[in-house]
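Let the hints inform the model, and build the full structure from the sequences given.
Going by our numbering, the sequence shown runs without a break in its numbering and finishes at 65.
Do not take every clue at face value.
In the DSSO-like style, the derived pairs of lysine-lysine whose C-alpha atoms are separated by at most 27 angstroms in a straight line are [stated by the list, open to error]:
id: 1; residue 1: K31; residue 2: K45
id: 2; residue 1: K43; residue 2: K31
id: 3; residue 1: K58; residue 2: K43
id: 4; residue 1: K58; residue 2: K45
id: 5; residue 1: K35; residue 2: K45
Label-pair ranges, simulated between beta-carbon atoms [to be verified]:
id: 6; residue 1: M10; residue 2: L30; range: 39 to 49 angstroms
id: 7; residue 1: C7; residue 2: Q40; range: 28 to 38 angstroms
id: 8; residue 1: N62; residue 2: A33; range: 37 to 47 angstroms
id: 9; residue 1: L50; residue 2: A28; range: 30 to 40 angstroms
No lab work stands behind these hints, which were simulated from the structure alone.
Backbone N, C-alpha and C fix where the C-beta goes; we use that ideal spot for every residue, glycine too.
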Amino acid sequence: MCYCTIMLTLLFQIHFLMILSSNWAYLKDASKMQAYQDIKAKEEQELQDIQSRSKEQLNSYT
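Here it is in structure tokens:
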């Protein structure tokens, strides 16, 4: 009986650590994805600004 209790306790602890590891990996991945999306949005905004400025300059020549 005691042996079964110890084994179940160890099994539950291992399971708990696996869940913690999974959650940590998910959060780490999510933060990297957020940083990537922020950089991507900033670059897209800069590209739109450059395109609008070049269109304005072309319109001013005509």
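Going down the list of hints, with the structure as the test:
1. The suggested pairing of K31 with K45 holds, with an alpha-carbon distance near 22 angstroms, which does not exceed 27 angstroms.
2. For the hint pairing K43 with K31, the CA-to-CA distance comes to about 18 angstroms; that is within 27 angstroms, so the pair holds.
3. Taking the CA atoms of K58 and K43, the gap is near 23 angstroms; set against the 27 angstroms cutoff, the hint holds.
4. A C-alpha spacing of about 20 angstroms is found between K58 and K45, which places the hinted pair at or below 27 angstroms, so the restraint holds.
5. Simply put, K35 and K45 have alpha-carbon atoms about 15 angstroms apart, close enough for the 27 angstroms limit, and the pair holds.
6. In this structure the hint that M10 and L30 lie 39 to 49 angstroms apart at CB is violated, the actual value being about 31 angstroms.
7. Hint check: C7 to Q40, Cβ distance near 49 angstroms, so the stated range 28 to 38 angstroms is violated.
8. Remark: the range hint 37 to 47 angstroms for N62 to A33 is upheld by a beta-carbon distance near 43 angstroms.
9. The given range of 30 to 40 angstroms is respected by L50 and A28, whose C-beta atoms sit roughly 33 angstroms from each other.
The structure is inconsistent with the numbered hints 6, 7, although it conforms to all the rest.
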